[in-house]
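Novice: Order-wise, the sequence lines are chains A and B.
Every position in the first sequence, counted from 1, becomes a number in this note's numbering once 1095 is added.
Every position in the second sequence, counted from 1, becomes a number in this note's numbering once 7 is added.
Since the hints were derived computationally from the structure, they do not count as laboratory data.
None of the hints are false.
Derived DEER-like restraints, expressed as beta-carbon distance ranges:
| no. | chain 1 | residue 1 | chain 2 | residue 2 | range |
| --- | --- | --- | --- | --- | --- |
| 1 | B | P109 | A | P1170 | 36 to 46 Å |
| 2 | A | G1349 | B | P94 | 13 to 23 Å |
| 3 | B | I23 | A | K1347 | 20 to 30 Å |
The model shown is predicted, which means the values in this text are computed figures rather than measured ones.
Think of the CB as a built atom: it goes at the ideal place given N, C-alpha and C, for glycine as much as any other residue.
So the chains spell out like this:
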Amino acid sequence: MNRISIPKHEWDERLLQLLSSFEVYAPVENEFSCDYMLLDADIISEAVYNKPKPVTPLKKFFLPVKENVTSGTVPAKPVAIFGAPNCDVMGLALLDMIYMDEEYADPAYQERRENTTVIVADCLSIQENCHCTSYGIEPTGNEHSDLSLALVDEMVILTIYNKKGEEFIKKLGVVVSIEPEKELVQSLVKKQQEVMDQLKKQNSNLPGYQETGKLISASVNGAWVKHASNCVSCGACSAICPTCSCFLLIDKPGFEKIRQLDTCQYPGFERVAGGEDALNALPDRFRNRYMCKYVWKPEKYELQACTGCGRCIETCIGQINKNELFVELSRV
Amino acid sequence: MGNNGSLYKPLKCELIKVLDESPLIKTFVLVPEESFSFGTGQFIEVTVDGLGEAPFTPSSSPLKTEQLEITVMKTGYVTDHMHSMKPGDMMGIRGPFGRGYPVEKFYGKEVLILGGGCGFAPIRSLLYSLIAISDKLKKVTLCYGSKTPEDCIYKPYIQELRETPKFEVMRSVDEPDQNWTERVGVVTVLLDDVNMDIKNSVAVVCGPPIMMKFGTMKLLEMGYPEHDIYLSMEKNMSCGLGKCGHCMMGKYLVCKDGPVFTYDEIKNQPHIWN
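Chain A on its own, in the form it takes in the complex (with noise of 0.2 Å):
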């Protein structure tokens, strides 16, 4: 791990001179958020580093909501994206599970992925359903990023984790040598601390992802067919989920397929052709979702499928809130 920095103004600078061989995209603030946008000229400077976190989850780079499977191509141009939250990072290590495995590496996924640097950002603040830290996640990058920034005091600091980090902060021109002041560290050093501590007082209630997993497992009924009640099978929560991954294959003339994302949560999902329907009733629908996130993807691929974002909670639009059923479930 080696550290630099360089002022913001001349970050901004070479973020400018690398438009020209690459997509550089950034969160940047909206009217009523904060998403990845693609940087031109004019907003390189609005980029925000350090807040959680993109409206949308990562996987929107390497899993297009509707694409064409059979004749579709990926851009050439190479990707590179800044400010990407650690959750997400740590969700792509499913998703390459999934889709770059030994047997079927999906070649789109597998070119966007090769294609693209994902530079994460120190979240050095909290939002009210974060709970990454729960789940044994840390809000900063850590030995499985490549590199990682923060912005403190006007300045810039990056965190080198691996060779292909220091390659790529050479292309962007930077010296490599130039150590941060001791104080500027300290100083994130002391906010990341402050962010782990606000994290872990707010979900001080919330049950650890195994012990999430196991209370799942072993609960009955009740619960799920109380929260699922206020559930409208729309699939926001799996939509706007890191690590949802699951997809529709659509047909075409000319034996063309477009693959559309799709979830566990629409009616329908797991029918066969002989009407049989194991997902058929809302609540196991629903409770299917947590049953694959905390019990079954762990057990099939060894990782995490809740890397403790928040995003399903903030988007669902019957306010349900997996935390406090989780909660719940932990009380009884």
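Position chain B relative to chain A; hints supplied.
Specialist: The following block gives chain B in isolation, referenced to the frame of chain A:
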């Protein structure tokens, strides 16, 4: 620039023959543009151009690579359209996918096969494979049930099988007509008549979910160990690649981890029978 063609683009096939098996079941003989091989029990995704795709286990011999057969019950959107297709029409196939029957584990054993309705399709492919290795098997007993005599499929093949050494066929129907001379009742009644050396036997079950459930329960009662009962599971396999999630059965994706499982592998997974 890259594309996904290799995984999702179907291999085109010409439909050369359509055989009526029963009022609701037809067998389609397909000739792929390139030779195509599969392992018995593996499945393929069949595309009706511009309309949809559905999973089928080929019913023909895995030893043939120049053409393959699928036996299809008219039961949904895609299969309705398939039933109206004529020789000369084109279809698409992707695959083969998943884990089929591990026939090498059957060596030296008696094989009991329990099939119902259109579940005979994968079984026929298995029977072709077993005939090819019959010198390594003790015997093969097929118990096949259907609703009425009219619904019994592969009638010429049944006769051929009855004349094959080491192979025996027992059939039942729920609703007999005056010409029916075999057993009457659901397919599990045939298990009362079988004479198997259970300690040196494996069982294979394929059919509608309700038949799979009661068939498995009966085999367990008879003393078949859970790890010697092979089930060909039916779920909504869509991509065939272990990615789309539609065939999830607990921690398993049926398209990739199955479709053939032993009962002990899946007994604790949710909704295995529906």
